[in-house]
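Number of protein chains: 2
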Amino acid sequence: MKIAILGFGTVGKGVYEIVKKANMQTQNLSVSHILIRKNKIRTMPEMTDDMSEILTDKDVDVVVEVMGGIEPAHEYILAALNHGKNVITANKAVVAIYLKEFTEAAERNHVKFYFEASVGGGIPWIQGLEKALRIDNVNSISGIFNGTSNFILDQMSKKGQPFVEVLKEAQKLGYAEADPSADIDGYDIANKLCISADIAYDIDIKNHQKLPIFGIRNITCEDVKYFQKRGLAVKLIGRSHQKDNKFDYVVEPALFLDQTLEANTPDNYNLISLNGETIGKLDFFGQGAGMLPTANAIVQDILDVKERKSHLKRDFDKRMEYCPDLTKGDYLLRTKVNVSELFKNYQVSKEGSYLVVHQIPVGMMHKLMKLVLQEDKAAFMVSLPDQEVA
Amino acid sequence: MKIAILGFGTVGKGVYEIVKKANMQTQNLSVSHILIRKNKIRTMPEMTDDMSEILTDKDVDVVVEVMGGIEPAHEYILAALNHGKNVITANKAVVAIYLKEFTEAAERNHVKFYFEASVGGGIPWIQGLEKALRIDNVNSISGIFNGTSNFILDQMSKKGQPFVEVLKEAQKLGYAEADPSADIDGYDIANKLCISADIAYDIDIKNHQKLPIFGIRNITCEDVKYFQKRGLAVKLIGRSHQKDNKFDYVVEPALFLDQTLEANTPDNYNLISLNGETIGKLDFFGQGAGMLPTANAIVQDILDVKERKSHLKRDFDKRMEYCPDLTKGDYLLRTKVNVSELFKNYQVSKEGSYLVVHQIPVGMMHKLMKLVLQEDKAAFMVSLPDQEVA
Chain A
1 MKIAILGFGT
11 VGKGVYEIVK
21 KANMQTQNLS
31 VSHILIRKNK
41 IRTMPEMTDD
51 MSEILTDKDV
61 DVVVEVMGGI
71 EPAHEYILAA
81 LNHGKNVITA
91 NKAVVAIYLK
101 EFTEAAERNH
111 VKFYFEASVG
121 GGIPWIQGLE
131 KALRIDNVNS
141 ISGIFNGTSN
151 FILDQMSKKG
161 QPFVEVLKEA
171 QKLGYAEADP
181 SADIDGYDIA
191 NKLCISADIA
201 YDIDIKNHQK
211 LPIFGIRNIT
221 CEDVKYFQKR
231 GLAVKLIGRS
241 HQKDNKFDYV
251 VEPALFLDQT
261 LEANTPDNYN
271 LISLNGETIG
281 KLDFFGQGAG
291 MLPTANAIVQ
301 DILDVKERKS
311 HLKRDFDKRM
321 EYCPDLTKGD
331 YLLRTKVNVS
341 ELFKNYQVSK
351 EGSYLVVHQI
361 PVGMMHKLMK
371 LVLQEDKAAF
381 MVSLPDQEVA
Chain B
1 MKIAILGFGT
11 VGKGVYEIVK
21 KANMQTQNLS
31 VSHILIRKNK
41 IRTMPEMTDD
51 MSEILTDKDV
61 DVVVEVMGGI
71 EPAHEYILAA
81 LNHGKNVITA
91 NKAVVAIYLK
101 EFTEAAERNH
111 VKFYFEASVG
121 GGIPWIQGLE
131 KALRIDNVNS
141 ISGIFNGTSN
151 FILDQMSKKG
161 QPFVEVLKEA
171 QKLGYAEADP
181 SADIDGYDIA
191 NKLCISADIA
201 YDIDIKNHQK
211 LPIFGIRNIT
221 CEDVKYFQKR
231 GLAVKLIGRS
241 HQKDNKFDYV
251 VEPALFLDQT
261 LEANTPDNYN
271 LISLNGETIG
281 KLDFFGQGAG
291 MLPTANAIVQ
301 DILDVKERKS
311 HLKRDFDKRM
321 EYCPDLTKGD
331 YLLRTKVNVS
341 ELFKNYQVSK
351 EGSYLVVHQI
361 PVGMMHKLMK
371 LVLQEDKAAF
381 MVSLPDQEVA
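Going down the list, the protein sequences come from chains A and B. UniProt numbering puts the first residue of the first sequence at 1, with every later residue one more than the last. UniProt numbering puts the first residue of the second sequence at 1, with every later residue one more than the last.
None of these hints come from the bench; they were simulated from the model. Please note that the accuracy of each hint is not assured.
For identical chains, the list gives no copy identity; a pair is met inside one copy or between any two copies.
[As the list claims (entries may be wrong)] No more than 16 Å apart at the CA atoms, straight line, and that leaves these computed lysine to aspartate or glutamate pairs for EDC-like:
1. Lys-309 with Glu-130
2. Lys-158 with Asp-258
3. Lys-281 with Asp-267
4. Lys-350 with Glu-130
5. Lys-20 with Glu-277
Modelling step: build the complete structure from the supplied sequences, incorporating the hints.
This is the structure:
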């Protein structure tokens with residue numbers, strides 16, 4: 001089976017390396033094309049800067065898209081599907097928006113569109129979720145979906161270093177980008193959460209402008225120390241619930257009791273969980289990013305195409321209402337401004353340097369937090385354990 | 001697709017219940033036969049005490065064996081395969097011995113033999129392992145494979161209660177059998193570890209008399225308290241490594257640092273892990289037993305048969321040498337007898353009420369422990385973190 005790789009960054013190189021491994025060669029896989037940018041130098045015979053060469057080559061069975069970004073990834077994926085190529089991608093940004101369009105195009109052209117690597121890197125999360133859905137309704141999903149933010153919070157906890165210092169270290173180690181916003185402000189998690197919710201509930205969120213997001217940019221050493229004293233660990237998570245044809249979703253810092261799997265997910269690892277009717281709580285832990293784990297997930301999808309293993313069929317056209325008030329919980333809020341008027345409809349108590357806002361709907365907390373941030377750019381909030389679905 | 005269930009205990013009833021669920025009925029599944037014992041009263045129309053009725057009914061596509069025990073489970077599984085029925089079982093005892101025989105019989109008869117539920121209950125462990133093996137050599141597997149022993153150790157840690165008291169509570173809750181030996185002496189884990197190692201290394205352990213096993217019967221409150229003071233949690237685990245065509249395996253109490261997933265696996269949950277070349281460490285956490293989770297795993301296998309999803313093909317005929325000295329580590333040993341002669345070849349130091357045996361091969365430690373037990377029936381040992389493969 002011939003594979004064309006679009007983009008030759010870390011993950012693209014990983015795919016190339018795994019396909020070259022001895023036990024993969026017995027599978028009769030080989031990389032025939034590597035698409036590079038127009039002005040790059042071709043250092044390998046497989047390299048080309050001409051996408052149409054790949055599209056028109058009848059021997060290419062699978063196109064692996066690992067360029068990242070929205071365009072031209074979206075255009076190339078669609079073109080490949082429409083040229084009768086199976087497509088596999090690790091690109092969460094493009095999948096979060098175009099999952100339904102890609103799925104329909106694949107169906108129309110009798111090819112496969114797989115994207116295991118787009119969420120949780122090497123963790124078999126998409127397939128685990130799809131498998132659970134063959135039998136169960138999945139009532140909630142949640143997870144530490146982003147390794148960079150987890151590395152930062154873990155280092156802050158273990159070494160007591162301030163956010164900015166740890167971020168710099170993460171950038172030096174190659175864990176964080178020069179512009180770290182996607183990782184620390186929660187947009188990367190938002191993409192992965194939307195893809196997961198699309199599958200879990202068979203919906204098409206597509207444009208997730210409503211999704212409440214709050215990142216970890218404002219967290220301080222003192223915050224982390226205080227949480228630790230209370231026997232709690234802070235993690236940046238994505239979480240979604242469904243009930244009675246309504247769903248919610250949120251990206252926010254959350255506190256977990258010290259003796260939970262979440263609290264003990266170290267370094268840049270991911271932990272992703274689902275809760276199903278008969279299966280109960282199921283958790284998947286592993287490398288959520290990195291060259292070989294992510295490439296492994298891509299090659300798994302390639303093998304599924306080769307072995308004609310169909311993934312769960314989803315139409316993404318169930319109607320469900322996004323309900324920002326579906327889940328209620330307690331939040332710790334740290335701010336210098338007086339918020340008594342803003343939170344007057346909720347019970348608020350004082351705890352050290354923090355306010356505790358009791359039993360506030362998640363969507364409302366995020367809405368009010370936006371107003372707090374207008375007055376106090378350094379304000380921080382974090383959810384306490386034991387949120388409840390209404 | 002018509003299903004015959006052999007045995008109608010907890011798991012059999014769970015399978016019946018899940019198949020009756022609305023979204024399963026659209027899958028066109030139904031239970032046509034339930035095999036009960038000769039002198040039991042037939043309370044449902046599907047019940048029969050005649051195995052040959054099931055074998056000769058051409059409409060039966062899948063036989064689900066959930067009787068437990070070796071015979072007649074072994075005989076019935078073989079008969080069903082030889083009559084052209086797909087067979088799915090949750091019976092680890094029979095799979096641990098006859099995996100190769102069943103696999104060959106299934107192949108010969110062009111049917112499937114699946115056994116996801118036999119290890120880790122509802123956790124998709126077998127399939128997760130098989131999936132990893134499509135790409136990677138798996139270098140080690142390990143896990144908290146038994147919920148009952150984990151419940152006991154967890155309760156001892158959290159409540160400070162003695163072993164015997166917690167065992168009684170577990171029996172009252174239905175977590176432990178009247179004869180708890182399989183759970184607390186490690187035989188249940190041994191079966192699950194052997195099945196996992198058979199798959200991981202493509203070998204046929206079959207008769208695992210060589211496997212070093214040490215259970216938790218002798219653990220005391222004081223042991224647990226001491227470990228906690230040292231920042232360690234004790235778990236009864238199964239573990240196996242491979243290197244250079246050699247493998248080892250062991251069932252033993254092991255200490256884990258407080259901030260590990262293992263240490264934080266609560267109640268009767270299971271946590272099973274693999275380490276692969278490109279995928280790294282991958283962990284699966286969930287309900288390792290119980291009616292619905294185990295039945296869920298069985299119905300997943302039924303759906304794989306229905307959707308013609310083949311599992312990894314293994315012949316179980318690779319030659320690998322069992323090497324009891326492959327892994328070395330430190331052990332804590334508590335005994336009243338003088339063991340200085342017995343352990344004279346190893347560095348031994350004193351630590352509170354314990355001896356620390358340094359860098360001893362796992363197989364040797366278990367061998368010497370057997371001799372210690374002859375003199376001191378209450379002796380206890382536990383491995384310290386950071387074992388190393390030679």
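These are the hints, each one checked on the structure:
{"no.": "1", "hint": "Lys-309 with Glu-130", "verdict": "both (13 Å within a copy, 14 Å between copies)"}
{"no.": "2", "hint": "Lys-158 with Asp-258", "verdict": "both (13 Å within a copy, 13 Å between copies)"}
{"no.": "3", "hint": "Lys-281 with Asp-267", "verdict": "between (23 Å within a copy, 13 Å between copies)"}
{"no.": "4", "hint": "Lys-350 with Glu-130", "verdict": "neither (44 Å within a copy, 52 Å between copies)"}
{"no.": "5", "hint": "Lys-20 with Glu-277", "verdict": "between (42 Å within a copy, 14 Å between copies)"}
Hint compliance for this structure: hint 4 is the single one not met.
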